[in-house]
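There are 2 protein chains.
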Amino acid sequence: MQIYKAPLRDMRFVLHEVFGSADLAKLSSEVDLQPELIDSILEEAGKLAEQVLLPLNASGDEEGCHLENGVVRTPKGFKEAYAKFCAGGWTALACDREYGGQGLPESVNKFVEEMICSANLSFGLYPGLSRGAYLALRHHGADELKKRYLPKLAEGTWSGTMCLTEAHCGTDLGMLRTKAVPRDDGSFAISGNKIFISAGEHDLTENIIHLVLARLPDAPAGSKGISLFLVPKFLPTSDNKPGTRNGVLCTAIEHKMGIKASATCQLTFENATGWLVGAPHRGLAAMFTMMNSERLSVGIQGLAISEAAYQSAVVYARERLQGRSLAGAQHPEKPADPIIVHPDVRRMLLTMRAYAEGCRALGAWVARALDTLEYGKDPALRQQAEDFTALMTPIVKALFTDFGFEAANIGVQIHGGHGYIRDHGVEQYVRDARIAMIYEGTNGIQALDLVGRKLGAHNGRLLRGFFHPIAEFIAAHKTHPKLASMVGALEKALGALQLATATIAEAGLRDAEEAGAAASEYLRLFGLVALGFMWARMAKVALEALPTAHGEAAFYHAKLVTARFYMERILPQAGALYLAIKSGKQAMMAFDEAAF
Amino acid sequence: MQIYKAPLRDMRFVLHEVFGSADLAKLSSEVDLQPELIDSILEEAGKLAEQVLLPLNASGDEEGCHLENGVVRTPKGFKEAYAKFCAGGWTALACDREYGGQGLPESVNKFVEEMICSANLSFGLYPGLSRGAYLALRHHGADELKKRYLPKLAEGTWSGTMCLTEAHCGTDLGMLRTKAVPRDDGSFAISGNKIFISAGEHDLTENIIHLVLARLPDAPAGSKGISLFLVPKFLPTSDNKPGTRNGVLCTAIEHKMGIKASATCQLTFENATGWLVGAPHRGLAAMFTMMNSERLSVGIQGLAISEAAYQSAVVYARERLQGRSLAGAQHPEKPADPIIVHPDVRRMLLTMRAYAEGCRALGAWVARALDTLEYGKDPALRQQAEDFTALMTPIVKALFTDFGFEAANIGVQIHGGHGYIRDHGVEQYVRDARIAMIYEGTNGIQALDLVGRKLGAHNGRLLRGFFHPIAEFIAAHKTHPKLASMVGALEKALGALQLATATIAEAGLRDAEEAGAAASEYLRLFGLVALGFMWARMAKVALEALPTAHGEAAFYHAKLVTARFYMERILPQAGALYLAIKSGKQAMMAFDEAAF
Numbered sequence: 000m001q002i003y004k005a006p007l008r009d010m011r012f013v014l015h016e017v018f019g020s021a022d023l024a025k026l027s028s029e030v031d032l033q034p035e036l037i038d039s040i041l042e043e044a045g046k047l048a049e050q051v052l053l054p055l056n057a058s059g060d061e062e063g064c065h066l067e068n069g070v071v072r073t074p075k076g077f078k079e080a081y082a083k084f085c086a087g088g089w090t091a092l093a094c095d096r097e098y099g100g101q102g103l104p105e106s107v108n109k110f111v112e113e114m115i116c117s118a119n120l121s122f123g124l125y126p127g128l129s130r131g132a133y134l135a136l137r138h139h140g141a142d143e144l145k146k147r148y149l150p151k152l153a154e155g156t157w158s159g160t161m162c163l164t165e166a167h168c169g170t171d172l173g174m175l176r177t178k179a180v181p182r183d184d185g186s187f188a189i190s191g192n193k194i195f196i197s198a199g200e201h202d203l204t205e206n207i208i209h210l211v212l213a214r215l216p217d218a219p220a221g222s223k224g225i226s227l228f229l230v231p232k233f234l235p236t237s238d239n240k241p242g243t244r245n246g247v248l249c250t251a252i253e254h255k256m257g258i259k260a261s262a263t264c265q266l267t268f269e270n271a272t273g274w275l276v277g278a279p280h281r282g283l284a285a286m287f288t289m290m291n292s293e294r295l296s297v298g299i300q301g302l303a304i305s306e307a308a309y310q311s312a313v314v315y316a317r318e319r320l321q322g323r324s325l326a327g328a329q330h331p332e333k334p335a336d337p338i339i340v341h342p343d344v345r346r347m348l349l350t351m352r353a354y355a356e357g358c359r360a361l362g363a364w365v366a367r368a369l370d371t372l373e374y375g376k377d378p379a380l381r382q383q384a385e386d387f388t389a390l391m392t393p394i395v396k397a398l399f400t401d402f403g404f405e406a407a408n409i410g411v412q413i414h415g416g417h418g419y420i421r422d423h424g425v426e427q428y429v430r431d432a433r434i435a436m437i438y439e440g441t442n443g444i445q446a447l448d449l450v451g452r453k454l455g456a457h458n459g460r461l462l463r464g465f466f467h468p469i470a471e472f473i474a475a476h477k478t479h480p481k482l483a484s485m486v487g488a489l490e491k492a493l494g495a496l497q498l499a500t501a502t503i504a505e506a507g508l509r510d511a512e513e514a515g516a517a518a519s520e521y522l523r524l525f526g527l528v529a530l531g532f533m534w535a536r537m538a539k540v541a542l543e544a545l546p547t548a549h550g551e552a553a554f555y556h557a558k559l560v561t562a563r564f565y566m567e568r569i570l571p572q573a574g575a576l577y578l579a580i581k582s583g584k585q586a587m588m589a590f591d592e593a594a595f
Numbered sequence: 000m001q002i003y004k005a006p007l008r009d010m011r012f013v014l015h016e017v018f019g020s021a022d023l024a025k026l027s028s029e030v031d032l033q034p035e036l037i038d039s040i041l042e043e044a045g046k047l048a049e050q051v052l053l054p055l056n057a058s059g060d061e062e063g064c065h066l067e068n069g070v071v072r073t074p075k076g077f078k079e080a081y082a083k084f085c086a087g088g089w090t091a092l093a094c095d096r097e098y099g100g101q102g103l104p105e106s107v108n109k110f111v112e113e114m115i116c117s118a119n120l121s122f123g124l125y126p127g128l129s130r131g132a133y134l135a136l137r138h139h140g141a142d143e144l145k146k147r148y149l150p151k152l153a154e155g156t157w158s159g160t161m162c163l164t165e166a167h168c169g170t171d172l173g174m175l176r177t178k179a180v181p182r183d184d185g186s187f188a189i190s191g192n193k194i195f196i197s198a199g200e201h202d203l204t205e206n207i208i209h210l211v212l213a214r215l216p217d218a219p220a221g222s223k224g225i226s227l228f229l230v231p232k233f234l235p236t237s238d239n240k241p242g243t244r245n246g247v248l249c250t251a252i253e254h255k256m257g258i259k260a261s262a263t264c265q266l267t268f269e270n271a272t273g274w275l276v277g278a279p280h281r282g283l284a285a286m287f288t289m290m291n292s293e294r295l296s297v298g299i300q301g302l303a304i305s306e307a308a309y310q311s312a313v314v315y316a317r318e319r320l321q322g323r324s325l326a327g328a329q330h331p332e333k334p335a336d337p338i339i340v341h342p343d344v345r346r347m348l349l350t351m352r353a354y355a356e357g358c359r360a361l362g363a364w365v366a367r368a369l370d371t372l373e374y375g376k377d378p379a380l381r382q383q384a385e386d387f388t389a390l391m392t393p394i395v396k397a398l399f400t401d402f403g404f405e406a407a408n409i410g411v412q413i414h415g416g417h418g419y420i421r422d423h424g425v426e427q428y429v430r431d432a433r434i435a436m437i438y439e440g441t442n443g444i445q446a447l448d449l450v451g452r453k454l455g456a457h458n459g460r461l462l463r464g465f466f467h468p469i470a471e472f473i474a475a476h477k478t479h480p481k482l483a484s485m486v487g488a489l490e491k492a493l494g495a496l497q498l499a500t501a502t503i504a505e506a507g508l509r510d511a512e513e514a515g516a517a518a519s520e521y522l523r524l525f526g527l528v529a530l531g532f533m534w535a536r537m538a539k540v541a542l543e544a545l546p547t548a549h550g551e552a553a554f555y556h557a558k559l560v561t562a563r564f565y566m567e568r569i570l571p572q573a574g575a576l577y578l579a580i581k582s583g584k585q586a587m588m589a590f591d592e593a594a595f
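So the sequence lines, in the order shown, correspond to chains A and B.
Going by numbering that gives the first Met the number 0, the first sequence opens with residue 0, and the numbers climb by one from there.
Going by numbering that gives the first Met the number 0, the second sequence opens with residue 0, and the numbers climb by one from there.
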């Protein structure tokens with residue numbers, strides 16, 4: 000069954016105990032952000048996820064979205080749930096106070112996103128896209144546009160989309176064909192066809208605000224000739240109500256493997272009225288504000304599925320009686336032992352748990368950097384934060400979604416044949432999780448971003464900002480009586496990462512294909528080390544908390560054992576990844592294209 | 000798109016060039032089995048797969064099976080395809096001549112199974128289950144039963160099932176409750192409920208022969224009290240036509256993640272007439288004849304999906320124009336280069352290719368051993384063959400299906416967003432492949448079979464029979480000018496496997512949970528080494544064939560580069576697996592059950 004209880008205790012652990020929440024009040028536009036307030040916000044979000052969104056997850060998958068005459072109907076209950084979502088202020092949570100938002104930091108918002116997506120990934124996409132549109136408009140839009148649209152996006156009565164992909168171009172947006180012709184009144188006439196537009200048409204909001212990439216008539220070829228336009232479904236009236244229907248139509252929705260309750264639309268723009276966002280021909284840069292935020296959120300989706308799949312698997316593993324423990328019957332009074340007694344089942348559960356909790360900590364670290372970048376006063380700290388988020392964006396996106404999919408599959412495996420049956424609900428996690436490895440830039444593209452753009456940036460400054468704190472932690476704890484063996488494992492993995500970095504830096508300088516050949520394995524290696532650092536830090540915090548933990552000793556003990564599991568069972572993959580990277584491009588490039 | 004051309008050239012390579020087909024004529028009841036005859040059989044099977052079965056794969060997934068009043072309707076076209084399948088003699092291919100079969104060896108049959116399942120896995124399950132029933136009955140049935148049922152199974156007009164699972168027991172069959180009460184006429188009255196019965200009810204054949212596990216009234220508790228019964232859907236008349244309807248009813252079919260055109264049935268037996276197969280209380284052993292054959296066939300299903308997913312991905316990677324090569328435009332006349340130019344795309348394609356071709360070779364090696372076991376004259380060789388198939392069954396089942404699922408997912412990844420859309424057909428491979436890791440014993444159960452039953456059997460005799468030929472090959476080729484580096488990689492991996500074996504043998508003797516904790520990683524390590532040996536042997540054959548290959552140089556070159564890819568990019572995982580195994584059970588077992 001699909002089971003989900005918001006992991007509030009672990010969120011508090013990460014927020015307050017690992018990263019500390021004392022300074023969060025300074026990292027938001029919310030002046031009095033006390034820990035208790037954060038906790039109560041998370042608790043409310045958890046209730047919403049558990050009570051409103053989770054019950055619609057399986058039914059939404061079964062029913063899917065339907066298109067009739069250009070109108071998309073979301074599954075039963077989604078409209079009511081979305082209304083509750085807006086009424087609770089959740090769309091406004093991380094929006095600016097000046098636009099009617101609550102001004103909460105990403106450090107809180109990302110946890111809320113996680114809970115929403117654990118309970119109902121399809122649902123989460125609707126406000127998720129709006130959030131991206133909000134950020135792009137806020138950073139690049141003219142004041143007039145911001146005043147008109149941001150409050151509507153914040154209150155959730157209008158939603159947003161990002162319209163990038165066309166049938167012939169996804170990764171390579173330089174080829175896009177949608178046109179924008181200037182009109183005398185300062186607006187533009189947008190014409191073209193877009194595909195794969197999440198939330199492109201639906202019945203949840205009274206208006207939909209499309210952010211559309213298109214070419215101006217004088218645009219240079221390629222990606223330097225793309226501009227960003229705001230194109231509302233209904234043109235706002237003077238008092239900002241949805242007015243005349245604009246020239247944008249949903250012509251089809253996709254029949255997909257998963258996230259079936261999320262409408263994935265083909266949109267046709269025909270002389271639709273739009274307004275330029277940001278400078279002409281600089282649309283890709285503006286869209287990347289949105290894209291980077293979305294990439295982090297997609298990573299959080301992966302984490303969200305890991306958590307949901309884990310929880311369902313634990314319940315099943317406790318309930319399913321089958322066979323006896325290898326150490327002799329543990330529950331002789333029952334016809335068989337629950338399968339949770341088996342080391343191999345525990346191996347699977349702990350893999351999921353190590354992924355979910357490790358990713359949660361790493362995600363919180365990145366969220367903190369986002370908040371520093373947004374609200375921090377110290378320019379040096381802001382620069383550090385910018386470096387760190389730039390470096391971590393591809394890792395969070397790709398690693399978390401790879402792990403989310405793997406965790407969802409482990410969940411099915413623990414359920415055995417029952418996991419393959421739709422009624423049990425856990426195979427949905429596999430189908431839903433699968434898209435996260437693809438959209439907002441495939442995980443292969445993330446890897447190329449890491450080795451191509453981030454690794455060499457500013458002579459390796461981004462990397463040093465990441466390696467230094469790990470090296471310091473290792474130096475400070477390598478003789479610690481209880482942490483030494485974990486820290487030793489981390490040191491070994493970091494060594495592999497540093498060697499791999501040197502290999503790529505050297506070979507990639509000669510030959511860009513060498514960097515391309517190493518990219519995916521390098522990203523995984525990088526991610527494993529980053530999570531290893533999180534686990535080492537969490538183990539330290541848990542160890543220090545234990546003597547005074549009283550009723551919570553079990554929580555901290557579980558952290559310590561999971562940390563050990565990660566170091567012993569998962570982190571050793573670092574060595575194999577380094578060997579693969581070291582072998583270079585030849586095995587791939589020597590293969591004759593015609594022979595495939 | 001779902002694209003499939005039977006990989007006949009590679010099958011001939013494995014059959015004739017790697018393992019040699021000269022002695023196959025002695026390993027079958029077909030006396031004049033010349034290589035040309037085998038090739039023409041494979042060619043015909045390929046046509047059937049491409050022309051008859053492939054066109055029904057996506058439509059069968061879309062339509063699924065339907066149950067009305069106990070009658071299951073398979074998707075449009077399946078009935079006609081099955082009739083062609085029988086008319087072509089494919090159900091009889093590997094059946095004995097005395098029962099109307101053609102007596103071909105498994106070395107040919109397994110390739111045919113692969114082609115069927117590449118084209119249409121759901122379809123393949125119907126004759127696949129019949130094959131298992133045929134084998135169980137042939138080995139354990141009384142002559143009377145054999146004469147009545149085997150010819151019908153061979154001609155395909157009647158099909159078979161295996162009825163093991165009940166709602167509360169799958170892995171742990173000792174708990175099963177279905178009852179068999181003896182009647183005066185020598186038959187038994189079978190009553191109980193079974194679930195997950197593939198091909199349990201359908202409209203392809205005029206009768207269905209269920210092999211059912213049930214308990215006799217005097218049966219001891221647990222797995223030693225289970226007997227096997229033959230229960231036909233229609234009781235045969237004296238002239239062996241389907242007569243009176245027996246007391247077995249399909250009460251529901253499952254709504255599944257994939258293999259939707261395969262009917263997965265809940266069956267209720269109510270005083271159904273059955274006959275004992277084999278000795279009382281020895282049903283599990285008899286069923287394992289069927290199960291072992293099925294496990295190998297399920298492994299072949301994994302290989303089949305790897306191949307199909309690979310072929311579709313190659314076509315897409317050649318056609319999809321997106322971005323430019325990192326080495327500069329390769330097709331400047333086109334708007335972009337095909338994505339096959341990118342090292343990361345090639346890495347993905349070669350991973351799939353290395354899996355498919357490596358598994359095909361290993362599968363053929365196991366099939367040869369099955370034929371030796373069945374038809375060989377030399378008792379020592381037969382013993383070797385029995386040891387080898389016993390050892391390899393869990394590895395073929397688990398490794399091939401893990402790889403099949405991974406390959407299917409890589410295929411989707413290469414297709415990007417288009418891969419997630421149902422119309423493109425490649426996400427079906429993911430959903431279809433997923434079940435193969437579960438049914439006929441989950442892959443975790445396979446791993447326990449390997450470490451628990453096979454590793455220590457006869458003081459390690461099974462293992463020695465596997466390690467020796469690899470060690471000999473390494474010794475003979477480690478200084479070979481063109482193979483040395485590949486052989487070096489294989490030697491390193493074999494070393495890791497031997498260390499892991501010693502670790503488990505020692506720790507597992509003290510504590511069975513230690514073996515359980517290592518099982519899954521050990522199976523993967525074992526499989527990687529086995530495939531590494533196949534790739535080294537194939538590289539050697541390719542190298543020797545090259546000087547006189549003329550028009551086929553590209554084929555052998557591709558083998559050599561893929562072998563190198565496997566050794567450099569995949570086999571190094573062996574080291575990480577050994578480290579995980581070495582770390583022992585504590586990280587799993589120290590976790591408090593209540594804290595999950």
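Don't take each hint at face value.
Same chains, same names: a pair is fine if it fits in one copy or spans any two.
Keeping only pairs whose Cα atoms sit at most 20 Å apart, straight-line, the calculated SDA-like set for lysine to any residue is [as the list claims (entries may be wrong)]: (1) K333 / E592; (2) K46 / G76; (3) K75 / A593; (4) K240 / T478; (5) K491 / G574; (6) K376 / V180; (7) K46 / G574; (8) K481 / A552; (9) K145 / L234; (10) K178 / R214; (11) K146 / R182; (12) K75 / Q265; (13) K240 / D377; (14) K83 / R323.
Honestly, the hints are just simulated from the structure, not real lab data.
Tested hints:
no. : hint        : result
1   : K333 / E592 : between (60 Å within a copy, 17 Å between copies)
2   : K46 / G76   : within (17 Å within a copy, 49 Å between copies)
3   : K75 / A593  : neither (50 Å within a copy, 37 Å between copies)
4   : K240 / T478 : neither (65 Å within a copy, 80 Å between copies)
5   : K491 / G574 : both (8 Å within a copy, 14 Å between copies)
6   : K376 / V180 : neither (42 Å within a copy, 83 Å between copies)
7   : K46 / G574  : neither (42 Å within a copy, 45 Å between copies)
8   : K481 / A552 : within (16 Å within a copy, 59 Å between copies)
9   : K145 / L234 : within (15 Å within a copy, 77 Å between copies)
10  : K178 / R214 : within (5 Å within a copy, 73 Å between copies)
11  : K146 / R182 : neither (22 Å within a copy, 86 Å between copies)
12  : K75 / Q265  : neither (22 Å within a copy, 30 Å between copies)
13  : K240 / D377 : neither (41 Å within a copy, 89 Å between copies)
14  : K83 / R323  : neither (47 Å within a copy, 47 Å between copies)
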